[in-house]
Amino acid sequence: MIKKCEFNNIAFLSRIYVNEQEVNKYITDLNKMVTAVNILQEVNTDNVIPTTHMTSMRNIWRQDTVKSSTNSVKKILFNNAPEAENCFYKIRKVLNI
Amino acid sequence: MVLKMNNIINTSIKNLYLNMNFGNVKSVDIINTYITHIKQLNLKLKAFVYLNETASIHLAEQIDKKIQNGEHIELLAGIPIGIKDNIMIQNEPMTSASKYLLNYIAPYNATVINKLKKINIICIGRTNMDEFAMGCTTETSIYQQTVNPWNFEYIPGGSSGGSAVAVSAGMVPIALGTDTGGSVRQPASFCGIVGYKPSYGLISRYGICALASSFDQIGIFAKSIQDTVSLASHLIGYDHRDPTSEKINCFKECNLSTYNRKNFIIGIPKQIMNFNIDKEILQLFNEAINKMENIGKLKIIEINVPAYKYVSALYKVIMCAEVSSNIATFDGIRYGYRSHKGFDLNDVYSYSRAESLGYEVKKRIMFGTYVLSAQNYQKYYYQAQKVRTILIEQLQDAYKKCDFIFSPAVLQMPVKLGEMLSDECDIFLIVANLAGLPGITVPYAFTKYLGLPIGMHFMGSRFSDIQLLQMAYIFEQLSGFNASKYPDIK
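Chain order of the listed sequences is U and B.
Numbered by our numbering, the letters in the first sequence go through residues 1 to 97 in order.
Numbered by our numbering, the letters in the second sequence go through residues 1 to 490 in order.
The reader is advised that the hints may include incorrect statements.
[Unchecked claim] Derived Cβ-Cβ restraints for the label pairs, each shown as a range: (1) B:K490 / U:I91: 48 to 54 Å; (2) B:F446 / U:C87: 53 to 59 Å; (3) U:C87 / B:H340: 18 to 24 Å; (4) B:Q396 / U:N59: 25 to 31 Å; (5) U:N86 / B:H58: 34 to 40 Å; (6) U:N59 / B:K490: 54 to 60 Å; (7) B:Q396 / U:N31: 46 to 52 Å; (8) U:N38 / B:S213: 23 to 29 Å.
[Claimed, not checked] 25 Å max Cα-Cα, derived PhoX-like pairs, lysine-lysine: (9) B:K362 / U:K3; (10) U:K32 / B:K362; (11) B:K39 / B:K99; (12) B:K386 / U:K32; (13) U:K32 / B:K299; (14) B:K362 / U:K25; (15) U:K25 / B:K291; (16) B:K362 / U:K74; (17) B:K379 / U:K4; (18) B:K362 / U:K4; (19) B:K117 / U:K74; (20) B:K341 / U:K25; (21) B:K416 / U:K32.
Hint data in this document are derived by calculation from the structure and do not stem from the laboratory.
The beta-carbon is built from N, C-alpha and C at its ideal position, and this holds for glycine as well.
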């Protein structure tokens, strides 16, 4: 069962801040899901190969060459950015020093 | 004979095309009729979240000029289509019905959109959906609550509820959705129309907002199997931009009249009786089996797929794991919502996601993170992948004995707005996503108790899509369902 300490770690790994008022609701719902999927433990899967995908996925290779991007493409992409300046994304500090 | 405006809505897309070519109706008239219809009905149904009026009329005028000049136009040219709000159309908003993407403008076209534009199908507007396609009621949308056109107090199903309602109510003749765990076929069943999910890999997923990548597939809504085939034949095909796209050209020629019904064997998994199926749905299901056997002269056999028991658990684990991975790209940096709270980069991620994503989305991300975490990976995710293999092998064995697996589309009738659907409502549909199989919901009847439509589901072996559509065509004729009937919306 997921307890509050483990839930806090899950929320941190998920990069989601959770209001204190919502914590218990999440824990209850997540535990219901854990209970529901525990049924999988009864299946003997010795020597079974896992299925990750339905297709035989292949890598798509391209020449390792730099292609120039047009200004119009850059404009479209950076227009979607919450904060940008001169075709650079603006972010807050990465390290807390 | 000039096609009257009020008859446009009731005409099949093939007849609309013929009427356009014979000069009985102009493409502009068709588009104007549908725009008026959408505006009127959307006040009640709330199926559309965005209408591309000006561009649609402009394209229709160009098509009319082509016809006037005697140029050839493709079968679906000038026909309006509704597009689920998680498929990219260049320079148009694409929000996946989430606050996170409310200001997002798509920088390129999805491959399916390029294919539609190539034959001049008119993308008339964007349809409502559950946030990031996570839900089965269309209630988690940031915009509005889409309602069932046959009874406004009930859900339309989801996650592609907007597309299903739009086609059911005649707001558009065809629409696209995405199907990760029945999200096309379930609302199609609840709204009384056809919902088709092709074999995984047949329609390119390039340009859709991913939910669970190993399950996601673009699907089609239409009033009839014939309309479904007309659209599918343009969308299916290899795409080098999608690494999961298949080079199998199984859809080159799909002629619905070339089937031989005596050759088709229908399998009914004995395990489906272990689920709590609504009594009236079960009664209609048995009636449908009798019709196929006695009137259709089709062979019905019982098959054994014990792993049906694990379908719901399998789906929960793998879908949430893939959600957790896919939604990690929504970090508030390159596009989408950014919170102004906090001090450092980690705060940007965590507050942006907390403030812009809905409860259901966050819950699935966290459960996916849980099953992928170091201490739980083997127990849940790896085990689920192995059980998925067992399910696929059992299905492969079943398809050695039968051509299609037949079941009710859903376990229960639509619920009232705000009420919860059963956790296992879409269980028979999810099997197709887990195994990459083609599935199709065909409307069957209106229930006596609620007066709402309900559909039946056929699932074929991998890449048996043509045969599946032929089977669905047979069933469409056997069912006696009046597909030309539209809900009375006042």
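* Asked: Does the structure break any of the earlier hints, and which numbers would those be?
  -> 7, 13, 15, 16
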